[in-house]
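Protein chains: 4
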Amino acid sequence: MVKTMKAFVMKKIGEVGFTEKPIPEPGPNDAVIKTTKALVCTSDVHTVKGAIGERENQTLGHEAVGVAYKLGSEVNEVKEGDRVAVNAITPCYKCENCIRGFTSQCQQLLGGWKFANIKDGVFSEYFHVNDAEANLTLIPDSVPDEAAVYAADMLSTGFMGAENADIPMGGSVAVFAQGPVGLMATVGARLQGASLVIAVDTIPRRMELAKQYGADFVIDFRKAEPVEEILRLTDGKGVDSTIEALGAQITFEACIKVTKPGGTISITGYFGEGDYVKIPRLEWGVGMGDKTIRTGLCPGGKVRMQRLLRLIENGRVDPTLMTTHKFKFDEVDKAFHLMDTKDDDILKPLILFD
Amino acid sequence: MVKTMKAFVMKKIGEVGFTEKPIPEPGPNDAVIKTTKALVCTSDVHTVKGAIGERENQTLGHEAVGVAYKLGSEVNEVKEGDRVAVNAITPCYKCENCIRGFTSQCQQLLGGWKFANIKDGVFSEYFHVNDAEANLTLIPDSVPDEAAVYAADMLSTGFMGAENADIPMGGSVAVFAQGPVGLMATVGARLQGASLVIAVDTIPRRMELAKQYGADFVIDFRKAEPVEEILRLTDGKGVDSTIEALGAQITFEACIKVTKPGGTISITGYFGEGDYVKIPRLEWGVGMGDKTIRTGLCPGGKVRMQRLLRLIENGRVDPTLMTTHKFKFDEVDKAFHLMDTKDDDILKPLILFD
Amino acid sequence: MVKTMKAFVMKKIGEVGFTEKPIPEPGPNDAVIKTTKALVCTSDVHTVKGAIGERENQTLGHEAVGVAYKLGSEVNEVKEGDRVAVNAITPCYKCENCIRGFTSQCQQLLGGWKFANIKDGVFSEYFHVNDAEANLTLIPDSVPDEAAVYAADMLSTGFMGAENADIPMGGSVAVFAQGPVGLMATVGARLQGASLVIAVDTIPRRMELAKQYGADFVIDFRKAEPVEEILRLTDGKGVDSTIEALGAQITFEACIKVTKPGGTISITGYFGEGDYVKIPRLEWGVGMGDKTIRTGLCPGGKVRMQRLLRLIENGRVDPTLMTTHKFKFDEVDKAFHLMDTKDDDILKPLILFD
Amino acid sequence: MVKTMKAFVMKKIGEVGFTEKPIPEPGPNDAVIKTTKALVCTSDVHTVKGAIGERENQTLGHEAVGVAYKLGSEVNEVKEGDRVAVNAITPCYKCENCIRGFTSQCQQLLGGWKFANIKDGVFSEYFHVNDAEANLTLIPDSVPDEAAVYAADMLSTGFMGAENADIPMGGSVAVFAQGPVGLMATVGARLQGASLVIAVDTIPRRMELAKQYGADFVIDFRKAEPVEEILRLTDGKGVDSTIEALGAQITFEACIKVTKPGGTISITGYFGEGDYVKIPRLEWGVGMGDKTIRTGLCPGGKVRMQRLLRLIENGRVDPTLMTTHKFKFDEVDKAFHLMDTKDDDILKPLILFD
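Protein chains in written order, with the working numbering: chain A, 1009 to 1362; chain B, 1009 to 1362; chain C, 1009 to 1362; chain D, 1009 to 1362.
No wet-lab data here; the hints were simulated from the structure.
The reader is advised that the hints may include incorrect statements.
Pairs involving identical chains hold if they fit within one copy or between any two copies, as the list cannot separate such chains.
Calculated cross-link-like contacts (lysine-lysine; reagent style DSS-like; alpha-carbon spacing at most 25 Å) [as the list claims (entries may be wrong)]:
| id | residue 1 | residue 2 |
| --- | --- | --- |
| 1 | K1286 | K1020 |
| 2 | K1011 | K1057 |
| 3 | K1245 | K1127 |
| 4 | K1265 | K1245 |
| 5 | K1286 | K1265 |
| 6 | K1342 | K1057 |
| 7 | K1265 | K1334 |
| 8 | K1350 | K1245 |
Work the whole structure out from these sequences, hints included.
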């Protein structure tokens, strides 16, 4: 008799709900994890609204940690019963794009994103991990699940924003938007040696967290025009690097404008609308200004996870400051609703499975 | 009595002509060069049409070689009477942007471009070079002036297109447009290890030169849709790198579309129109596709020139294949006219001063 | 009944011979290849002499191409019957070092080297390939086996030497030793944009090939002291990059001496002797001269192979000029003997299996 | 009548003392600074012992800040009367090596080091700065002289050690020796995103400061063998990067041994003895282990100084914790003596001129 489990799914565009599914069986290279903690991401909400197209009864969620429940025969990196972490992005590590070094683009553009996109996600009592030898890692004893779960996406994506920004030691950085990814980009900019980090947002809780996470200045874009303010703070020179953490034309455009010639614009945001994202021609130096525009998708894999977990372990960042709400798994629909309305100043809701 | 010289100037927007000017005197760090050969650039034509604003009696031209005529007291790199080359871009090497490593952005966005922009250009019997110790270099005996003069802009800009494209050894590259800069980008792609170079143009002379300069395939964009054709030639995968050598929305957009996830789009073209240059959102991976967009302006300085001249000297490239026309200095206005109409399949007109 | 095949093995240190072995069976991720062509490498000779320790009846050889004979269930990159190439280095692509990006150091220092080191090599009628999805690739129709087989090690290692040398466009390079790897480093330096390539050797056949492969100067180290000669050829400045392709103290030391401050010394040679390799302190700038020393082991994987094969296909390099001798498989012992004595000016012996 | 000033000089090898010298006059590109604070460096002591050869009455010292006293006609970056900082290394920014990007190797190997090497140093009431436009910068109001003076060498060199170490975000680093440069390398490793910093020393004061500056572990090499201990702390894997901050064979060798395949060994130490620095062959991977050895000399120039000063200004590092002693200028000989004997646990003595 097949054992079943509870799963929170996207029934179709616009509709979510709980359902029963068989507990997955691992192939030789796979693993099945018993979920302990998860986080809801704004992109889960977008998915349900149809951002990546129709899905039928697909389990939602891509940020979770758990315990190794059943491992394929070829998986040696962890043992059954181990407390394990897995990134939101789970590359195969053997296709052309992976071997080229672009594992988040596994097999195709954005193809490393498999959870709740091309296979079931993590909002269920058990979830399946492909290519587990490369994607699973142990969680250090001193890192609790509720901190470790942030490594799956928030830390990895936010820090990537800083890494891609090519910040010189002692350089200056502006981070546009201070949602969870933007906050982690702020921390990341510090960890990449920025001597000046300017954060932009308007929501009080986020602005306060930006300060706590190390921003030297926080601009409230409802009170001051960010481009002008950043130029003012830098004697008209602009900053060495900018990080876009919203995915909007207005912030992208501001990034181009405040980045020095020779600087880098690093994108972490998902651009969800329109046929085009538009570069302001003059401030870009009419195509000759040495301003580089880089993008990326949350880097995955066990090595990435080990490094992020050790940053938590050794006190470089405490992501749990971002946990504004907690819900039991059978209340995950409430978390979803809040993440949609952004009521109650929600930042990240933690989902408890145990 | 001040000695004077003949200069070909932009009298005002839309009007060119010859005039007499005093031969310049060098300050301690400057040099004055007696012009021997020059090239007309399409951007000279744009300048006269007002692309960079009004100018009054400013000498035109930025591609020239000559003989060191008078050197400032601090200039030791060359001696009076030496045959010397100078790049179109002449950075100061001591401002913040130069020290940051972005010498083409000297002092301000695009500020390394001084000839015929913020000071007199090279279309005169003598011309002035700022910061000559860093900007002048000897021309090797075996490199004739008519070849060396191509290092000033065409080689430096075209090769930069290839260098910025981050081509993996044995990678694939598409070069959009095969004007002189595009042709040199084609050569540059070969010199950066590309195993597959696909060139795009439609003018027969240019397509033929593209082949001679090493393109493996040349697409006539009037006969085949370049994006489709490049995908066809690469089994639907696209190329590792693209080089944009036109400065137009249509080619920029094609670059984004045919570049693999993780690949680089390198811009050499001057984008002259519109408020925005538009990135096609989906093919860009909605801001998460690891596609990097780089730009740059012709790298200057004596070290660059030495390296480019040695590439000519040792037979890596023969730029003189691009010289379709020759004019004496007092006929430079005819060259200008042809570069505007592009009649007679003109590619580069060489101007003879001696 | 188990089918057997003929294999050429190292019986023990100092002794080689033919033996019969079972044709290997692939696991789900593996492949078995029917050998068509192979090359003997000097390192095979070293192995037999005990360079990597004792082995018992281990099949020799790491450079081969063949036809896919039997594929594991998870292998989709090629089909049975396809003509395929595989690199000498076959990483697993899922261990920590592979994921860190250092696939040649798979699992441990130098651990990507599996053929004839930690498992049977390729000198047998059939050979086994681990992690075949990542390691196998099709050979293009227009590339014959006898050319493709050079991609396995000679091209990959030699070109790596040039890639690691960080050659600026138009830079200068010296390549020490013109064995097959050194010759490919010479080609590689051209393909990385060097405007000046100086090769060093003394054997006439190698010096002549160095010229054919694009060296601008070839120094016979029995007729001139290479360090002095390189400084003479560069006005006392030295070169931007050096490539060591021998694995000896004398050439390593020369590399440090002729590399400019800020330049790179790239090692491709196997250093087989002594407790230490010694850096000359003063010429190294007493530890402050910005001279970088890089090393590496033949990069493997299907993407590398595809790129190398396309460089052959599109005429960037003809490695078959290095094939000085041909032997049938049952004469491979003769090839071995010649590679040991280096008699008859042998460079690379091709072994024919079909 | 020429105005004179007091200077502390190396009279000859082994002998120091005070003398009177004329106050220098600036050329058009130079500046003369009135000294306010300086630091003594162990390398000053080495210089007096003859490490860089004989000198006659050459003023000692290379770490100082002051007030712009007299500026050449071409110097616009600062005004007379401004409080200014200058790096220990003062490149010309127009020679070939500077333009190549290796400004510390100005004109020749290590040639960026001019103070107390090829011209008078800073231990005098006034000192001369060459190429002042590129080398001088304002000190921010909120940064006191006694902190700013550390940017001249200690921060710049120590941080360079971390920058050259190519530390991955969340990577692991070992720093050998915790003198002032090693301590700043420890801070630098944190600022480059290391999640694990292991420092090695034995002097209690230094070990304690290493902890304060952010080391996660400090190994006392008299109590534990550092190589074994580092391997133990990293599950036998070693670290991603090592920083050598002593300039000795024993620490260099340990660096090679504990660096992972694919990792980087970054040298900040001055290697003062012997004909050779020796690489342990096997742990280096016999020349194929992908272990990179980088070196460098304190990066100079105004942009570097601005970034370092802003790191102090915005609280990323407080270098004054290293000031163990203070002396008036006329007691600088006492500071020298202590730096030689290392008595009284001296780390850095601050010299007060005002």
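Pop the pair K1286 and K1265 into one bin, within, between, both or neither, using alpha-carbon distances up to 25 Å. both (12 Å within a copy, 15 Å between copies)
K1265 and K1334: within-copy, between-copy, both or neither at 25 Å Cα: For K1265 and K1334, the Cα distance exceeds 25 Å both inside one copy (39 Å) and across copies (43 Å).
Intra- versus inter-subunit Cα pairing at 25 Å for K1011 with K1057: neither (31 Å within a copy, 59 Å between copies)
How would you classify K1245 and K1127 at a CA-CA limit of 25 Å: within, between, both, or neither? between (47 Å within a copy, 24 Å between copies)
Intra- versus inter-copy proximity for K1057 and K1342 (alpha-carbon distance at most 25 Å): Within one copy only: 16 Å inside, 63 Å across.
Intra- versus inter-copy proximity for K1245 and K1265 (alpha-carbon distance at most 25 Å): This pair counts as within: shortest intra-copy Cα distance 11 Å, inter-copy 33 Å.
For K1350 vs K1245, is the C-alpha pair at or below 25 Å within one copy, between two copies, both, or neither? neither (36 Å within a copy, 40 Å between copies)
I want to check one pair: K1286 and K1020. Are their C-alpha atoms no more than 25 Å apart within a copy, between two copies, both, or neither? neither (32 Å within a copy, 33 Å between copies)
Checked against the numbered hints given earlier, this structure breaks hints 1, 2, 7 and 8; the rest are met.
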